[in-house]
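Engineer: One line per chain: the protein sequences are A and B, in this order. Residues in the first sequence are numbered from 1 upward in steps of one, following full-length UniProt numbering. Residues in the second sequence are numbered from 1 upward in steps of one, following full-length UniProt numbering.
You may find that some hints are simply not true.
Stated by the list, open to error - Under the rule of at most 30 Å between Cα atoms (straight-line distance), these lysine-lysine pairs were calculated in the DSSO-like manner:
hint	chain 1	residue 1	chain 2	residue 2
1	B	K174	A	K214
2	A	K236	A	K148
3	B	K160	B	K231
4	A	K236	B	K119
Said to hold, decoys possible - Not the full set, but computed from the structure, chain A residues with beta-carbon under 10 Å of chain B:
hint	residue
5	L165
6	Q173
7	P203
8	A216
9	E217
10	E218
11	M223
12	E224
13	G227
14	R238
Hints in this document: simulated from the structure, not taken from any laboratory. Yeah, the Cβ is synthetic: ideal placement off N, Cα and C, and Gly gets one too.
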Amino acid sequence: MNHALIIGQYVPSNSVIHRLDPRTKIAIIFFFVIFVFFANTLTSYAVLTLFAVGTAVATKIKLPYILKGLTPVWFLIVFTFVLHLVVTKEGEVLFRILSYPIYSGAVEQGIAISLRFFLLILVTSLLTLTTTPIEITDAIETLLNPLKKIKFPVHELALMMSISLRFIPTLMQETEKISKAQASRGVDFRTGPMKDRIQAIVPLLVPLFVSAFKRAEELAMAMEARGYQGGEGRTKLRELRIEKIDILAFITFGIVLIGLFLTRA
Amino acid sequence: MTNSFIEFRNVSFRYGKDQPWVLKNVSFTIDSNEWVAVIGHNGSGKSTIAKLINGLLFPQEGEIIVDGLTVNEHTIWDVRKSVGMVFQNPDNQFVGTTVRDDVAFGLENRGVPREDMLKRIDVSLGQVGMSDYLLHEPHRLSGGQKQRVAIAGVLAISPKVIILDEATAMLDPKGRLEIMQTVSHLRQAEQLALITITHDLNEITRASRVIVMNKGEVWLESNPRDVFSRKEDLLQIGLDTPFVATFADELSRQGIKLGKQPLNHEELMDELWTYHSKM
Numbered sequence: 001m002n003h004a005l006i007i008g009q010y011v012p013s014n015s016v017i018h019r020l021d022p023r024t025k026i027a028i029i030f031f032f033v034i035f036v037f038f039a040n041t042l043t044s045y046a047v048l049t050l051f052a053v054g055t056a057v058a059t060k061i062k063l064p065y066i067l068k069g070l071t072p073v074w075f076l077i078v079f080t081f082v083l084h085l086v087v088t089k090e091g092e093v094l095f096r097i098l099s100y101p102i103y104s105g106a107v108e109q110g111i112a113i114s115l116r117f118f119l120l121i122l123v124t125s126l127l128t129l130t131t132t133p134i135e136i137t138d139a140i141e142t143l144l145n146p147l148k149k150i151k152f153p154v155h156e157l158a159l160m161m162s163i164s165l166r167f168i169p170t171l172m173q174e175t176e177k178i179s180k181a182q183a184s185r186g187v188d189f190r191t192g193p194m195k196d197r198i199q200a201i202v203p204l205l206v207p208l209f210v211s212a213f214k215r216a217e218e219l220a221m222a223m224e225a226r227g228y229q230g231g232e233g234r235t236k237l238r239e240l241r242i243e244k245i246d247i248l249a250f251i252t253f254g255i256v257l258i259g260l261f262l263t264r265a
Numbered sequence: 001m002t003n004s005f006i007e008f009r010n011v012s013f014r015y016g017k018d019q020p021w022v023l024k025n026v027s028f029t030i031d032s033n034e035w036v037a038v039i040g041h042n043g044s045g046k047s048t049i050a051k052l053i054n055g056l057l058f059p060q061e062g063e064i065i066v067d068g069l070t071v072n073e074h075t076i077w078d079v080r081k082s083v084g085m086v087f088q089n090p091d092n093q094f095v096g097t098t099v100r101d102d103v104a105f106g107l108e109n110r111g112v113p114r115e116d117m118l119k120r121i122d123v124s125l126g127q128v129g130m131s132d133y134l135l136h137e138p139h140r141l142s143g144g145q146k147q148r149v150a151i152a153g154v155l156a157i158s159p160k161v162i163i164l165d166e167a168t169a170m171l172d173p174k175g176r177l178e179i180m181q182t183v184s185h186l187r188q189a190e191q192l193a194l195i196t197i198t199h200d201l202n203e204i205t206r207a208s209r210v211i212v213m214n215k216g217e218v219w220l221e222s223n224p225r226d227v228f229s230r231k232e233d234l235l236q237i238g239l240d241t242p243f244v245a246t247f248a249d250e251l252s253r254q255g256i257k258l259g260k261q262p263l264n265h266e267e268l269m270d271e272l273w274t275y276h277s278k279m
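Just chain A, same shape as in the assembly:
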């Protein structure tokens, strides 16, 4: 049971992208997602693609691994492309498939939209591939900090996220234990009609929930005993710091944006 459990799809490494401050990554992705929709010429798309692929290479994660992570969305990308081919009726007729006309505008649109889609998903998955969940939590906490002014419970939200992350492996081990215990008492999870299998989940979930509540209660007591009294006056061990590489990343991204606006029509 001692195997390292990777939460999310984080791949440990020491690449430049891994070392960036999570806030930098989130901010750049946020703007990238917006500016993807500004591209409208071949070269402007090339600029954005170059940036995304360049970043992917810089993560030092094997490219096939990254692409494998995109498997669930490949279908969506292809589907969007085909839909555009069939529906859009702009430009000249390029060729006919079984006497159905395919327009040049449709091909262009299809490629553009699918490419946008691909870029968006590639870049966001690079975030989760190179950033631990806890780093993302920290980044969200600092980025949401201004919301404290309108009494939004930022610290509590971040604490909830980090405690959930902490307990995922624990609860998974527990699920495994309970399912073995129930299987040994004759509960069958694997065979039989769907209805029976869903019913077999109940004796798994009930003890799991009971123990999760018990854990929560004990954890709350332990936290209180260790002097937890809310976010007020708390210091933090994990520290986010904007370093030189973060500034370099922003500059690089700025250049890409300038390139984008110069090349768009």
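Starting from the known structure of chain A, arrange chain B on it as the hints suggest.
Structural biologist: Frame of chain A, contents of chain B only:
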């Protein structure tokens, strides 16, 4: 001015108005720098004592004084600065996602500056021999290791008393030994009082004083040797005596009188191999 660090004055406690009393008129004192073991059967009120000391619960009657402060809603945060507590379940008190984060939790709560925190984490992890596991996640640690991290987390805030509330109950024999060794090592290195709450008589041998609880009352307050010699009485309140004590008892029934009540295997062996020469 007495030397007592913790004082219970006629404390009674129950969880609700129509519930039975968990503690009935309990009074005792614990000095600073003393190791006291609180032992009792399940439901004897021993864990309630721990929760009362640092204000997780409040008594209905009587008074609890910790380090000169009466424990109430206004003083709990100050009281908790000097009282460190380790609970039974190693998993349910591990807050951080890594060992380092968990030890930091108590320090963060107290607003300790980051530089200071890093130093204190290093020192306290060193004290429990867990320095090599700084960045390990909890699910990669054994139960005993998790409890050692919990002790480190408590040590980091430099408390004046550490309470182990059945901290070894869920561990295997190896983990149990780890914790007991860590704790006795700390006792020698640090100036602090120690309260171990347990239902295992094997764990009281190193304590300087033992408080035996039964049905919410202090049943006996004595030293480990004396407690061990009252086998019959202990059995009556549901505590099983360790093998060494049972063995010594059986010997005396057979007419072999040992010099003193042995506390562990070593003492028993010494008694036995010197037995003949003492005759």
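Engineer: Taking the hints in turn, state whether each one holds.
Structural biologist: Now the hints, each set against the structure:
Restraint check: the Cα-Cα separation between B:K174 and A:K214 comes to about 26 Å, which is no more than 30 Å; the hinted pair holds. As the CA atoms of A:K236 and A:K148 are separated by approximately 17 Å, the hinted pair is consistent with the 30 Å bound. At most 30 Å may separate the alpha-carbon atoms for a hinted pair to count; B:K160 and B:K231 exceed this at roughly 34 Å. As the CA atoms of A:K236 and B:K119 are separated by approximately 14 Å, the hinted pair is consistent with the 30 Å bound.
Interface hint status for A:L165: upheld, as the beta-carbon distance to the closest one in chain B is roughly 6 Å, under 10 Å. Interface hint status for A:Q173: upheld, as the beta-carbon distance to the closest one in chain B is roughly 7 Å, under 10 Å. The criterion of a C-beta within 10 Å of any C-beta in chain B is not met by A:P203, whose closest approach is roughly 22 Å, and the hint is violated. This hint holds: A:A216 has a C-beta 9 Å from the nearest C-beta of chain B, less than the 10 Å allowed.
At a threshold of 10 Å, the smallest CB-CB gap from A:E217 to chain B is about 8 Å, leaving the interface hint in force. Hint status for A:E218: holds, given a least beta-carbon distance of 4 Å to chain B, under 10 Å. About 6 Å separates the beta-carbon of A:M223 from the nearest beta-carbon of chain B, less than 10 Å, and the hint is met. With a least beta-carbon distance of about 6 Å to chain B, the hint placing A:E224 at the interface is held under the 10 Å criterion.
A distance limit of 10 Å between C-beta atoms decides the matter here; for A:G227 the minimum to chain B is near 4 Å, and the interface restraint holds. A least Cβ separation of about 7 Å between A:R238 and chain B falls short of the 10 Å threshold, and the interface hint therefore holds.
In summary, the structure is inconsistent with hints 3 and 7 from the numbered list given earlier, while agreeing with the others.
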